[in-house]
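Protein chains: 2
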Amino acid sequence: MKRSFIREILENTTNETISFAGGLPDAKLFPQEELKKSAARVMNDAVSLQYFTSTGLDKLKEKISQIYNNDGFETSKENIMITSGSQQALDIISRYNNNKSITIEAPSYLGAMNVFALNNMSQDSITLKEGGCDTFMFNTSFKKSKLAYLIPDFQNPTGYTYSEEKRKEVANIVKQYDGILIEDAPYSEIYFEKKYDSISKNIPNNSYHLGSFSKTLSPALRVGWIRASKELLEPLVAYKEAMDLHTNGLAQSILSDYLKNNTNFISHKNLIRKVYKKNMQIFAGFLDEILPEFKYTKPKGGMFIYGKFEDINSSELVNKCMEKGVVFVPGAEFYNNENVNSEIRFNFTHCSSNDIYKGLNIIKQLISKNDIKSA
Amino acid sequence: MKRSFIREILENTTNETISFAGGLPDAKLFPQEELKKSAARVMNDAVSLQYFTSTGLDKLKEKISQIYNNDGFETSKENIMITSGSQQALDIISRYNNNKSITIEAPSYLGAMNVFALNNMSQDSITLKEGGCDTFMFNTSFKKSKLAYLIPDFQNPTGYTYSEEKRKEVANIVKQYDGILIEDAPYSEIYFEKKYDSISKNIPNNSYHLGSFSKTLSPALRVGWIRASKELLEPLVAYKEAMDLHTNGLAQSILSDYLKNNTNFISHKNLIRKVYKKNMQIFAGFLDEILPEFKYTKPKGGMFIYGKFEDINSSELVNKCMEKGVVFVPGAEFYNNENVNSEIRFNFTHCSSNDIYKGLNIIKQLISKNDIKSA
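Chains A and B, in that order, are what the protein sequence lines are.
Going by the working numbering, the first sequence opens with residue 3, and the numbers climb by one from there.
Going by the working numbering, the second sequence opens with residue 3, and the numbers climb by one from there.
Each hint should be verified, as a subset may be incorrect.
As the list claims (entries may be wrong) - DSBU-like mimics (lysine-lysine), calculated; alpha carbons at most 30 Å apart, straight line:
| id | chain 1 | residue 1 | chain 2 | residue 2 |
| --- | --- | --- | --- | --- |
| 1 | B | K102 | A | K61 |
| 2 | A | K279 | A | K65 |
| 3 | B | K39 | A | K271 |
| 4 | B | K102 | A | K102 |
| 5 | A | K30 | B | K102 |
Bear in mind the hints are in silico, worked out from the structure with no lab data behind them.
Bound conformation, chain A alone (with noise of 0.2 Å):
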């Protein structure tokens, strides 16, 4: 099995190297105080520390609905499983789901194309562009596979999102041949504009819609979940018991009671969303200043900013760039068949803007030693 190319960057670079690479939140932005006055809250009681139920903390799941709700998409504690982290969600319901075929978009989440692979699932990849993916495509492959994996806001890698003409789109092929969408919206709260409506709540019955505490407050709590209707959850228990009884419990008991107070994290979301608004108008602006060869949609949300060179091969760029302390995803690593060799995908959520100045200055160097061509 091959390992994921940004978790083993994650693993070489050291404090000095300027990473574009991860989709790392902005470690200054975590809710530190708050989150340690809520672990100290919940380990006065003993029960934080004991073996919890496999679907998850009620409390943390009534607050989950909750959020749901509030968005106007009819949600209760039952239709919400906890896990750890989406990436275990992801996992859950591929083994559920071994051996099918499935839709994806091209390019697609890394760590979801690994877990479509271990579960033997075979994949098959439809265009995506700014606005949404290639509908007559969607239809195509969605009417045989019957079943889809989408990431509709501000996606990874590209940074796209859906238009409100395309979800609805996607949700009347779903509903038309009675299929399962998988939604994974671990950016959906970090938009720069305005908050979409899920695909899912068109087909709440026929959709697995994944959520995460990663992106918003914490990634080393592993804290995701799984909202769906009763009928599809219920099969997934098992699986879930099996792979690590339940999901870390202190974790749970310190977002259930960080969430208690609605207003902290309402403000703190609002807090994120204008400094990564921010950090990606910075980038963009020294990626147009520095390296205005690089063409690239500016996303509506999330850590991304993808494009391309006209002739570089972004895989043999990144070797060069690694040497001197700078690393990026190439997009090659984002296909699965496909031979694209020139896109590059950055984060722009972790670096400050004195090493995003520096980190595409060396790129620029770099490339204009003019040895780094496509194949």
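Since the structure of chain A is already known, use the hints to place chain B on it.
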């Protein structure tokens, strides 16, 4: 896929249920104040809330390897992979070995049997008695499977312990066929008389040794580990990362901080050994008094007393008991194919003396109604 009887019970018991079912540690013994202090300390550093590397926190791996070195089992941090509880360790190893045959004890740990089934492993059961497995049967089975799963210390469910002689015999057989032993050791630190050398110590390159903080410190933290040669660990990393990226980083940081002060952990382990030994003696005393027809061997450590009635169907009995607010696990749950129906596993670490007395008397009354007989 079948759910675990024990996990389902956990979800259906109330605060009033007298539960001899789960392997729940006594929550009163959690080193709550010390863990709380560690949490406060590590949460001062934003790094504790960020993404972690897939194989685990270096500092924690070092501390775990030190525990092995103190027992004369040479181990470095490169021999350790942190997992989301040992349950996940079992799943990672089984996924890597999927579709193979595996030699297991009868009876064995239910959660492992479920994971082996999930990974399409064909399980060959060999008889387990106090003192260890039948090594003639082990040899015959292992010769073919070249992969075994054993719990040599205070086994779950039986509480049986492998003698030093049996440990050597098993190690020799594993070496002879150059196979692999998965040695599960969640209870090894909870000894009432003495600590046994692991079997793995004799076959460091032919074993995965699984450890956990769930029984000694806190199950909610979901931190376990695999100790193996670098060669055996290396291919597991891609699985771990596809499954949940990494183990909860806050929990890893808390444990790493807690273990800095080694005398804390040593005196805590001494305390739980003393209390659990006393609990076992109390439970055994009440058993002898209230249910003298229940035949069992006193365990030398761990959390369970296992035995049987002469002519009682324990699966029927547990259903009657549940109605009266008492639960235990009938032996049938721990076997794959055999028709075992008179055996029972009692947990003795979770209930108060009062509840043990009350619970066993309820069982006695239900038995004396005399309508529960083995088929």
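Structure-based check of all given hints:
With a CA separation close to 41 Å, the supplied pair K102(B) and K61(A) exceeds the 30 Å bound. Taking the CA atoms of K279(A) and K65(A), the gap is near 27 Å; set against the 30 Å cutoff, the hint holds. Our distance criterion of 30 Å between C-alpha atoms is met by K39(B) and K271(A), whose separation comes to about 28 Å. Between K102(B) and K102(A), the direct Cα distance comes to roughly 22 Å. Compliance with the 30 Å bound is thereby established for this hinted pair.
Using a Cα cut-off of 30 Å, the hinted pair K30(A) and K102(B) is violated, with the two alpha carbons roughly 47 Å apart.
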